[in-house]
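Colleague: Letter by letter, the chains look like this.
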Amino acid sequence: AGGMAAAAAALVLLLLLAAAGPAWARPDVLREELLLSPLPAGDVAATFQFRTRWDADLQRGAVSHYRLFPKALGRLVAALGVRELHLSLTQGFWRTRTWGQPPLQAPAGAELWVWFQPTVTDVDKAWKELSNILSGIFCASLNFIDSTNTVTPTASFKPLGLGNGTDHHLLRYAVLPREVVCTENLTPWKKLLPCGSKAGLAVLLKAERLFHSSYHSQAVHIRPICRDASCLAVSWELRQTLTVVFDSFAGGQGKKDWSLFRMFSRTLTDACPLASQSKVYVDISPKNKEKELLEVTPPPASLHEAVVQGEKRTYAIYDLLSPSLFNTSRSLNVQLKWTRPQDSSELPTPVLHAHRYVSGYGLQTGEISTLIYNTHPYRAFPVILLETVPWYLRLYVHTLTIITKGKENKPSYIHYQPAQDRRRPHLLEMLIQLPANSITKITIQFERALLKWTEYPPDPNHGFYVGSSVLSALVPSIIAMKEVDMEQSPLFTSLFPSSDGSSYFVRLYTEPLLVNLPTPDFSMPYNVICLTCTVVAVCYGSFYNLLTRTFHVEEPSRGGLAKRLANIIRKLRGVPPL
Amino acid sequence: ALVQFQLTVPVAVVFAPGSVPGDLPRPLPFRDVQEMEIPVNLRTSVMSRYETVYRSTTAQENIALHAATAQEADAALHPLQDALLGSLTIYVVPETSSLLPQGINVYVGKHRSALVRAGRGLATLHSRLQQLTQVMSFTSSSIAAALSDGVPDGQLGPDARRHLKSSLGYEITFSLLNPDPKSHTVDWDIEDAVNRYVQPVLDKLSLVANFSVDSQILYYAVLGVTPRFDKESSSFLLSTHSLPHVINPVEARLGSSAASLYPVLNFLLYVPERSHSPLYIQDKDGAPVSTNAFHSPRWGGIMVYNVETPASPQALFPLHVEVDMVRVMEVFLAQLRLLFGLSREELPTEFLMESPGNEGLADWELDRLLWAHTIENIATVSTTLTSLAQLLDKIGNIVIKDDVASEVVYRAVSSAQSAMAKLAAGHLHSAFQASKEAVTSSERAFFDPSLLHLLYFPDDQKFAIYIPLFLPVAVPILLSLAKIVRETRQCKKEPTKMD
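Those protein sequences? They're chains F and D, same order as listed. If you count by our numbering, then the first sequence holds residues 124 to 701, one letter each, in order. If you count by our numbering, then the second sequence holds residues 15 to 513, one letter each, in order.
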């Protein structure tokens with residue numbers, strides 16, 4: 124009987140292997156995914172994720188033969204000893220209050236944070252080299268990352284992949300809030316995809332539609348992950364994500380209905396032939412208690428229910444690899460119709476959101492205020508706030524006040540690194556406890572420094588950007604969550620490691636600030652030169668005349684236009700002519 | 015600047031018993047020096063100097079020369095020679111020796127030695143020796159190719175500009191282009207092929223430069239040209255004149271070598287789409303190219319790999335294709351040799367060359383490469399420093415910092431000089447090392463960021479600042495000048511009135 128059982132088990136194993144895919148096992152797999160979620164305010168967010176998983180160790184051994192993993196990035200990781208790399212390029216600001224918690228948020232501009240391997244001896248040099256190379260690959264101004272905008276946070280950025288990040292000296296973080304993201308950044312990003320923009324979900328990525336939107340964020344995440352459950356070997360994961368928010372009100376004459384074609388002016392015709400999974404998820408979870416508010420066409424083949432960010436969500440799934448999908452029509456154009464107009468008065472507010480502004484008057488001092496909202500009805504939770512302020516805003520740390528519900532809130536952890544002029548920025552990290560249903564106000568005053576005249580950027584009167592501050596928190600969930608397997612669950616749930624069932628990780632970015640610095644009138648030196656030169660020239664001219672002119676008595680004559688004119692005037696006035 | 019090269023090649027001519035010509039000027043052993051001027055251009059002159067030692071064989075060499083075939087003799091003689099780079103050992107065997115096959119008078123081995131039939135007299139031997147030493151070290155055309163940047167276009171053959179520029183390192187990238195992944199799943203065992211065929215060659219070449227090899231597979235990468243359909247053969251054809259347009263669209267996908275500054279050699283294997291296969295490359299006369307490949311000078315090579323279409327139309331797509339790497343690597347290695355200027359020149363029929371075997375490269379071919387690269391490096395240093403000097407003459411604002419001057423410029427000059435001296439002394443290896451150092455320093459000097467600081471402070475800006483002063487000051491002067499002119503004219507016109 125034992126033999127029978129073993130044979131049966133072997134048969135099951137064989138069947139499983141056969142179901143797993145083609146006969147030759149690939150060390151690298153590609154999954155592509157599109158998540159369409161209607162936002163509470165009526166906009167639509169589309170999140171693309173392309174994930175390449177490669178069962179090879181990029182660090183050790185000379186891996187030099189690439190298939191799905193892009194060679195440019197692979198060589199970068201191997202050559203510079205990168206353990207984890209996160210780069211995002213964003214245009215616009217994710218409005219957490221009205222749009223809800225984003226699956227992946229990024230600050231306006233460019234953000235880069237990298238964990239290096241412990242074997243890297245000169246981290247700063249590797250960081251500089253890395254940012255220069257990335258700036259070449261993505262056509263972005265990442266080469267402006269230098270010591271004046273790079274910080275080493277101690278608590279906010281833990282590695283998302285394998286490895287415990289205790290030695291934060293291997294971490295570098297920089298934000299360039301001034302960076303403008305456009306087509307020239309999208310094209311190299313698309314080029315890294317195995318199918319390019321020729322097949323699969325990426326055909327929707329047309330620049331003229333993507334940049335005609337309220338929010339556009341593209342990112343690249345590279346990290347090492349466990350190859351299997353036992354985690355004895357390392358695989359490398361490359362995630363390319365792109366989030367775009369379309370204003371469906373403005374595009375659809377006041378209606379909130381949308382379709383793929385209306386958003387992207389394209390429809391889906393096939394999956395990328397290299398992808399082992401290609402799915403479109405549509406968030407159809409009822410926003411209020413009333414059900415059946417919206418309707419999606421074509422009817423989805425299956426539904427997926429999950430607890431995402433503390434809320435129970437329902438997703439309609441379209442599997443582009445299933446042959447039945449393209450049976451009835453040649454292309455997939457997901458459409459969503461609202462059966463009843465939704466009243467927008469009662470928008471659900473996310474549990475954690477924040478708001479930041481700069482106040483004060485004059486050009487000498489000012490104040491940065493950050494408001495953090497915890498709308499959870501009964502749970503308090505801590506949040507880590509990371510603030511990086513450029514050196515030319517001199518923070519007064521003694522003016523730092525944190526007030527919750529009228530009382531002072533003492534942070535349980537503060538890490539402050541003061542700025543050095545022209546060398547490094549201020550770094551302020553705090554762990555603040557947010558009581559249930561509260562607003563916490565953090566204020567700190569600063570003085571504006573005077574820059575040297577060559578240090579001003581072009582158009583200095585536009586103001587100087589201060590990068591977004593970062594909030595990282597484990598938000599307690601109202602509904603219990605299940606532990607999910609990373610390989611099986613949809614991609615949009617699996618970037619941040621889920622901790623336990625009771626809370627979920629959220630990283631939020633506040634608005635970037637625009638601060639005016641005392642700006643000199645740059646044309647002033649030239650004006651002074653012109654004025655003094657004119658004065659000198661006039662003096663010179665009269666002196667020259669005095670020296671060179673010969674004076675001689677002129678005989679009175681009849682003529683002269685001036686005299687005639689004078690006589691006419693005198694005649695009119697009734698005075699005898701000259 | 016006039017650059018005078020003196021290249022010294024140590025040559026040993028070893029006479030086997032019974033091969034010494036009767037009209038030899040002196041009794042063995044003796045030394046002899048032959049000098050020959052190679053004309054290049056007005057600014058450069060190359061003097062080649064063959065320092066020849068004539069001697070008779072030792073007992074061990076004698077035993078080795080008694081081998082059955084030339085190959086065996088070559089292998090047996092190899093441990094008996096000093097392995098100095100750039101040196102040559104030529105064994106003269108009797109005219110009647112059976113070591114060389116019938117009709118072959120000169121045999122070039124895998125290492126730094128050759129076998130030569132003695133010939134009827136000294137004159138025949140001399141001409142054979144001269145030809146041989148040139149083949150195994152350098153010829154005027156190989157020198158001209160190395161100095162090609164300073165030589166006018168017309169003097170060079172078509173091959174001269176094909177060679178890669180000398181560099182400290184090269185990156186070799188093999189790319190498999192699969193424009194139609196829906197119809198073909200193409201797999202290639204590139205790792206094994208590189209280890210088996212490319213790595214031995216690169217190990218040998220590691221003396222010349224650093225090499226790194228990698229590969230990638232690119233999907234949906236198409237050629238920039240739509241091939242023409244040929245009804246007769248029911249195949250698609252790419253004609254020669256359209257090949258230049260093939261590379262550009264592919265190039266954008268290849269990805270730059272972000273992590274290093276070395277030049278990249280690209281070898282592309284293109285599997286045509288199903289709708290365009292089979293695809294053949296035509297030469298100038300319209301005949302299909304047998305290898306179905308072409309190369310682009312200083313860039314790399316492309317090979318078209320046709321996939322057999324299944325007989326039954328119901329075949330399941332995608333079709334799984336395993337690339338025959340032996341066929342592919344043969345072509346790529348030949349292209350690699352071409353790009354490094356290692357193509358074998360046309361030789362008289364009396365010459366026989368041993369195939370380099372698995373290593374892909376004979377020792378003397380390596381020496382040839384080193385001669386050419388050393389000369390090219392020195393020429394590059396001279397051009398770089400000359401243009402730096404010209405730049406300084408043109409733009410006086412540039413500041414040369416002391417460290418740039420001493421560390422870099424003087425070191426470049428001294429390294430270049432020592433390279434020249436070592437070339438003249440016949441130490442090829444150390445000359446090459448010194449020339450590499452000279453190139454590194456001179457490039458560092460030329461691209462030093464401190465040179466850029468004041469480069470863009472144009473004169474018209476100064477002019478713009480001073481114009482508010484000079485313009486108003488000039489007005490009274492010009493006016494009074496005009497007045498003077500007017501008055502002198504008046505004085506000339508009416509001299510009578512004054513009286």
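A portion of the hints provided could be inaccurate.
Pairs of lysine-lysine, DSBU-like flavour, derived with a Cα cap of 30 Å [to be verified]: (1) F:248 / D:196; (2) D:497 / D:507; (3) D:415 / F:329; (4) F:575 / D:415; (5) F:321 / D:415; (6) D:507 / F:251; (7) F:248 / D:415; (8) F:314 / D:415; (9) F:251 / D:196; (10) F:313 / D:497.
If you only want the chain D side, here are some residues facing chain F, beta carbon under 8 Å, derived [unchecked claim]: (11) 195; (12) 230; (13) 234; (14) 267; (15) 269; (16) 490; (17) 505; (18) 506.
Cβ-to-Cβ under 8 Å is the rule here; a few derived chain F residues that face chain D [said to hold, decoys possible]: (19) 190; (20) 433; (21) 435; (22) 496.
Because the hints were derived from the structure by calculation, they are not lab data. Fair warning: this is a prediction, and the values are worked out from it, not measured in the lab. A virtual CB, placed ideally from N, CA and C, is assigned to each residue, including glycine.
Colleague: Please write out, lowest number first, the hints stated earlier that are contradicted by the structure.
Modeller: As far as the earlier hints go, 1, 3, 5, 6, 8, 9, 10, 17, 18, 20, 21, 22 are violated by this structure, in ascending order.
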